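Asker: Take a look at the letters that make up each chain.
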Amino acid sequence: MSQSSPAAVSAAPSRPAIRIDGLNKWYGAHHVLRDVSLTIAEKEIMVVCGPSGSGKSTLIRCLNHLEEYQEGNVSVFGHELQRDKQTEKFIHQTMGMVFQNFNLFPHLTVLENCTLGLTWLRKKPEAEARDIAMTLLERVGIAQLASRFPGQLSGGQQQRVAISRSLAMEPKIMLFDEPTSALDPEMVKEVLDVMVNLAQTGMTMVCVTHEMQFARQVADRVVFMEDGEIVEVGPPEQVLLNPQWDRTKVFLDHIL
Amino acid sequence: MSQSSPAAVSAAPSRPAIRIDGLNKWYGAHHVLRDVSLTIAEKEIMVVCGPSGSGKSTLIRCLNHLEEYQEGNVSVFGHELQRDKQTEKFIHQTMGMVFQNFNLFPHLTVLENCTLGLTWLRKKPEAEARDIAMTLLERVGIAQLASRFPGQLSGGQQQRVAISRSLAMEPKIMLFDEPTSALDPEMVKEVLDVMVNLAQTGMTMVCVTHEMQFARQVADRVVFMEDGEIVEVGPPEQVLLNPQWDRTKVFLDHIL
Amino acid sequence: MNTDAQLKRFVPSPARKPKSSDMTILRWIRSRCFNSIGNSILTVLVLGLAFYVIDYALNWAVFDAVWHAANRRECMDISPEGACWAGVIDWFNGLMYGRYPHEEQWRVNLGVILAVAWLLPLSCRSIAHRSLVLISWVGLYPFLGAWLFLGGAFGVETGLLHTVFTSLAAGFMVMIYLNWVLALLNRPSLTDLAYPLAARFTARQTHIYSLLIVWLVLAVISGAVLSQVALPPVAIERWGGLFLTLIIASFAITMSIPIGVLLALGRRSKLPVIHWLCLLIIELARAVPLITVLFMAVTLLPIFLPSDMELNKLSQVLCAVCLFSGAYMAENIRGGLQAIPRGQYEAAQTLGLGYWMTMLLIILPQALRLMIPNIMTSFISILKDTTLVSIIGLFDIMLMARNIANDKDWVGLHTEPLAMISILFFVLCYGMSQYSINLEKRLKVNR
Amino acid sequence: MNEASAPPVRQRGWAGLTSFLNRDSTRGNVIQGLTLLFVLCLIVYLGSNAAYNLDRLGMMFGFDFLSSTSGFDISWSLIPYDPSMTYWRVFMVGIVNTLVLSFNVILFGTIIGTIVGILRLSSNPLVAQLARCYVEVVRNVPLLIQIIFWFTAVFSALPPPRRGYMLGDLFFLNNRGFYFPSPQGDISFFWFLGAFVLFAAAAWLLRRKAQQARINQTGNHKALRTGWLVWGVALVLACVIGNGFIEWSVPALDGFNLEGGQYVPVAFGAAFVAMTVYRSAAIAESVRAGMESIDRGQHEAARTIGFSRFQTLRLILIPQAIRAIIPPLANSWLVAVKDSSLAVAIGFPELVSVFMQTSINQTGRAIEIISMVMGFYIFVSLTISYLLNKYNARVQYKVM
Amino acid sequence: QEKASTLDQVKQRGYLSCVIGNSFPGFYSLNKDGEWQGMDVDMCRGVAAAVFGDASKVKFMPVQWAQSFTTIKSGEGDMMSKGMTWTLSRDTSQGVDFLDTYFYDGQGFMVRKDLGVKSVKDLKGATVCVLTGTSSELNLADYSRTHGLDLKTVVFDDSAVRNTAFFNDNCDALTNDKSGLAAQRSAAPNPDDYIVLPETISKEALSFAVTQNDSAWANIVKWTFQAMVAAEENGITSANVDDMRANSESPVVRRILGVEGDLNVGLGLSKDWAYNVIKSVGNYGEIYERNVGPNSVLGLEREGTLNALWQNGGMMYAKSFR
Ligand SMILES: Nc1ncnc2c1ncn2[C@@H]1O[C@H](COP(=O)(O)OP(=O)(O)OP(=O)(O)O)[C@@H](O)[C@H]1O
Ligand SMILES: Nc1ncnc2c1ncn2[C@@H]1O[C@H](COP(=O)(O)OP(=O)(O)OP(=O)(O)O)[C@@H](O)[C@H]1O
Ligand SMILES: [Mg+2]
Ligand SMILES: [Mg+2]
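Just so you know, the protein sequences line up as chains U, L, W, Z and C, in that order.
Just so you know, we're using my numbering here: the first sequence kicks off at 1 and counts up by one.
Just so you know, we're using my numbering here: the second sequence kicks off at 1001 and counts up by one.
Just so you know, we're using my numbering here: the third sequence kicks off at 2001 and counts up by one.
Just so you know, we're using my numbering here: the fourth sequence kicks off at 3001 and counts up by one.
Just so you know, we're using my numbering here: the fifth sequence kicks off at 4001 and counts up by one.
Don't read these hints as lab results, they were simulated from the structure.
Take these hints with a grain of salt, some might be off.
[As the list claims (entries may be wrong)] Derived lysine to any residue pairs resembling SDA-like cross-links, with alpha carbons at most 25 Å apart:
| hint | chain 1 | residue 1 | chain 2 | residue 2 |
| --- | --- | --- | --- | --- |
| 1 | W | 2444 | Z | 3285 |
| 2 | U | 249 | L | 1216 |
| 3 | W | 2019 | W | 2029 |
| 4 | W | 2441 | U | 249 |
| 5 | C | 4057 | C | 4239 |
| 6 | C | 4059 | W | 2304 |
| 7 | Z | 3390 | Z | 3291 |
| 8 | C | 4032 | W | 2444 |
| 9 | C | 4124 | C | 4239 |
| 10 | C | 4124 | Z | 3291 |
| 11 | W | 2384 | W | 2146 |
[Said to hold, decoys possible] Sample of chain W residues with no beta-carbon within 12 Å of chain U, all distances over it, derived:
| hint | residue |
| --- | --- |
| 12 | 2014 |
| 13 | 2042 |
| 14 | 2101 |
| 15 | 2123 |
| 16 | 2229 |
| 17 | 2255 |
| 18 | 2351 |
| 19 | 2361 |
Bear in mind the structure is a predicted one, so any value in this text is a computation, not a measurement.
In this text, a Cβ means the ideal position worked out from N, Cα and C, and glycines have one as well.
Build the full structure now, drawing on both the sequences and the hints.
Answerer: Next comes the structure, spelled out in structure tokens:
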């Protein structure tokens, strides 16, 4: 369950993990993010929802610089994003990301997927990297599959590997982009359980998802987006059960 | 809402549309359908659910002979399926099928997708075929898109085209294999609405889906499968709300 | 609602085997080959054609063929209708080794055996530095092979660079084999054994240093051993026959991958100069026939290089063939790169891997695997295309075969050598393509 | 994680410079500049070497030789040629012969390849296996060997002119070539051609009209058939009318050879057959790959609608496969043009043979001649890829 | 800048590089052990023996027709001995100097006996197989034009293919240097079915060529050949050369073999240069016999041809060793 104080919910706390300031992004002539401003506190769990094409993925990908944006600022722990080696390095050390379709490396085993970053980037000796990875795989409950290849796993298992892979790099912030939407209904739960656990460890999380159950359970705040704009932000009780805007209500009616 | 009498629910009515008798199927050594027997009455709406890999798709594909089976019988309106031209023809005239990933013909426009069968198989004049197709497209609410190509449509729209394409051939039975699982949450509703409408016209339908809302709303009976076997059959109130078997309950707990 | 306790427990019924099918072979044939009139006619036609071709070929090549004769005239006297294999057999040595001196031919055999043996340890999954085996084969074996084939007193007649690299190659091979033995015995590898030593000098990347230490020590030892060996030198002009064909083909094949990778990456580069340069090279090389490239290499290259540069035809041809096959490979690899979903780049990027690491660790392994069929097809065509070097006068197997017809005893013997090398090429190429299919299937299991 | 927690601050001086150098755009520009410099140096270096070497070897550079008399004969040429003509003419003869050979190879290779490719997917295992054998044998033996094989073992083994095959005293096949009647005199032949083109155009318009009519209202395919019929009739008419103006020269045995008419030499036949067979195997593979690349769902959807195997092939599979097949096909065509250079081995007078061999031998102008030959191939290749890109842009599925 | 003399280059390099072609039976071709053999090959070996005293110090460079001259001009090849016909244009515009003619040949025709052709004049309208890039190709075109024969040529790159084509009756006649015709005839399935027509339509003086304006080097090649002919004139053979050197009284022989005089000084070679030549490759007659004579692949009679010694009515005439 969410452990955050009411203060964290209503306003950004003293040290923001991510600060988004007047973000605008275009694809060609298509304006996909419109003046998005948002502050995410350390240890906060933020759920982003909204209809398809509303710019959720784009937003979250701007946060760790997978996409460039034309206007506005994003800063992570006070460090403003820009296109140079150092920032890139800092960003990728600070943030982990889990994708909708897992994006595991299919030519490496589960274990190798998790140790890759440790051995090549953190320069850990192989044995140590292995221990770290195995601990994480155990935590998500798939240690026994360590020597399989991703193609031999079910979707839920793959997504758990993806989470371990990110966690292995010890990020301070985790970004999730619809981590469960490519999964069979039964597997969704496995992954959500892992995410709930993670939330309870005090990780800062930004999570695009349509799993309202999950949002209600762990989110500190929920953001509802539409057409590249933030329509509503607030604690889940307010946004999900008692929306202020009609658009939010229509959407929630559909997906609940 | 379903209009069927209680009799239709508890036992097969006098004239079964489909009768499955001790169906067994293997993929190599893998036994995917195990002694499946089921009778589907005319105008009945049957929903098949079950965990992934339980053989739902295989079952429904056996019904219209997309797959061959090794043991057992399937008969449609009293015609037993076998590998010959006539039966094939009869089957495909009687049953339409809608696939999970639409399988529209990408090189033809929406309209041509719908008229292709009419002009080439039913030998209808082009103008007449067009009228029929347009009526159907109107019915599913996308008449204005008739001249687009499938690649230019959203998933929900594509699936509606696929339904029209099947309906154009005037089938007596419609088979649906997870018609909504490849769709974005908001688009599911468009397609389900079309299916509900269709159900109300008295079409015989067999539908693999995890949309329990839909099952409850229109199904006459629900079949729950696991490991290639039918675990439970019965009216939705019984199977979905009050299952008799532990496996069913576990599954329903997960997906609801 | 039922409580859990009231629920019936579902136990899946056991899987069983299908009842044996009543399909006999005869019925199967009938249902597949004679199920309609058109199909029946086709079947009969196919059978007739196959019979005619096989009958003719067998008669010519086997039943009416002459295997022993002193010269062509004798062949014709014995059996005018059949093949005269005696000439091919007489020239067998030339076809295989070209002009390589008789008493030195064991070196060619040894070189080929070493090349294969270098790769054998790959069969051991637990061997240390498994990925280095292949890389070293590409990067180091050529030095060892070149020394074997060229000869010369080691360290005296061979150039300094060549000496050093040959020693390194020999050292590496010894290391691979020692590691293999250790791995089979389930003991720690040499690198691990040298680990404490390396740890004294450096704290980070110790395993790399320990690898280097072991390698250098072994290289020095093997260099010392090799320096006792003096192989009589054999000039490149004397290389020929199948040996030369394989040298050219394998050189082109191994070089085509790195060249192709660089060109493909360059072509996908966002930097316009690099992009256009690579595009130009690829498109030009692909637009012209190999023959013209070969002609250019032997006639124009000497004009464009400094006049005092020693060139031999083989190196000119190798340059041409490498450039040519590299350009083709680049297109294959580009196809593979394009097929890798964007998500893989992004996943690598979010892990923090830079451009080169992403390429080397994530993208290229997948792209190459994905393109195995195409890459193999390219390899096969490189092998086939090496026959063209005969047109510009390198004594590869094709030219040797055509030379038989100029021999005193076998004047005019023309078809048989061609038939022989056709069969040889067929076996090689078909073997390669079957292997690639196999490999593809094996790799698919992992997906 | 300790290293990353300190947010970096803007730096000045040396640190600022490194940060400037670290920026992606700077690095990109530096790399590009260096590459450009390297390439330029290379070009200058090679150029100066060439200048020095040419001077040293007393070779000349220039295209003046193109206007001098060649002095050698070319065994077969589609455009008028004799030894008193220039090297430029030799170049043209080579190009025409190359194009004629490769055009025929492309045409027949594509037809045969498509058939074999579809046969490989046949449900009759014998047929499928035979097609497979054909493809495997043909594509695993070097083309050079095949060309020589067809020439020495098959075409040269045809009977000599006096005992050759003939068809109604008009067509002759022997080991010199294939002889057929040809129209005599240029003017009447152009009349014939003109009539043909005119009628073909008229027929095409008619057919197009019919097709439109079909799309607009009428349902059956009668109009379409009429269109084809009109086209056929026009063709026959053109032939008949054209024939009235034309005098035919018919080949007849005279001395050693057949005189009169037109002929294609056996070298052409051998190169043509070998290359067609070789190409058809490659094309068969592309066709098969294209057909197999179509999602299984498309077959299934077609089947559930009730289309027969053949209808599925014709209405669903081929139209989609075409898109996947065209790019490798065009590539194959390109390779066919390039492969035609191998006909040099059996003495077919194509570009490489007459220009890059004989002419270099006679003039010694290697740089000029090789660059002209390469220029030709590059031109062909660019043309084909340009057309391919156009086509690709046209047939891509429309997406949002 | 001044080019180093070829002789110095050769000596420095340690071997002679000799330009030949891929295959021309009798003149240069590979045997099944991969050794080069033939008349041209022996000529080069002779030069190597003269320079180094060791006939094996020679590297053969089989090059395409197209590169023959550039290879010599660029200094890559020291001498060309590839059955090249001495023509004015080649001598003047290709940057090489032609030296002695070591084989007099002429272009001829071979036809099937059953055609009943007795003379080239009867070949009107016939199809002729010819090798590309050779002077035969040009001669043929000339001859056809001057005599209005309207010959059709079929050009080949490879002599083996050309021969097969001819024997398969793809052409009515095969044209080549007469020396080659005999060999080709012997390759026929049934040699008696073919005849060589009497006419010789061209003069083919197969000669050495070396780089232009290097007379020191040219002298060596020239005189090596002269030594071979002179040896034959004087009855020196590889078998008796030792004996002759030791015992011959003839001043000519003694001068040739370097026992007397200092003829070697002008050439810049060792005293026994000519001895080495004859010892290792033999005199001209031996070379002829071995490579193109009646028992060789070509089977050419020497008597009565231009290649006989001048005493026998031929053109082989050694210049004076004095
Ligand atoms: N690479 C691109 N080029 C052009 N337009 C794009 C691109 N990626 C996304 N878009 C457009 O930007 C808009 C926002 O896309 P985004 O993926 O952020 O939506 P989303 O909210 O994540 O939707 P979903 O729930 O479907 O994932 C959409 O209209 C989409 O069509
Ligand atoms: N072509 C095939 N070859 C071999 N095995 C197959 C094949 N198709 C399906 N199977 C196997 O048969 C079983 C049943 O598959 P089926 O597709 O019917 O399951 P499903 O209930 O439709 O699952 P899902 O909900 O994932 O669609 C699975 O275990 C699957 O792996
Ligand atoms: Mg998204
Ligand atoms: Mg399914």
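Asker: It remains to establish, for every hint, whether it holds in the given structure.
Answerer: Comparing the hints with the structure gives:
no. : hint              : verdict
1   : W:2444 <-> Z:3285 : 21 Å, holds
2   : U:249 <-> L:1216  : 24 Å, holds
3   : W:2019 <-> W:2029 : 21 Å, holds
4   : W:2441 <-> U:249  : 51 Å, violated
5   : C:4057 <-> C:4239 : 21 Å, holds
6   : C:4059 <-> W:2304 : 24 Å, holds
7   : Z:3390 <-> Z:3291 : 22 Å, holds
8   : C:4032 <-> W:2444 : 48 Å, violated
9   : C:4124 <-> C:4239 : 51 Å, violated
10  : C:4124 <-> Z:3291 : 56 Å, violated
11  : W:2384 <-> W:2146 : 23 Å, holds
12  : 2014              : 23 Å, holds
13  : 2042              : 40 Å, holds
14  : 2101              : 46 Å, holds
15  : 2123              : 19 Å, holds
16  : 2229              : 38 Å, holds
17  : 2255              : 24 Å, holds
18  : 2351              : 5 Å, violated
19  : 2361              : 7 Å, violated
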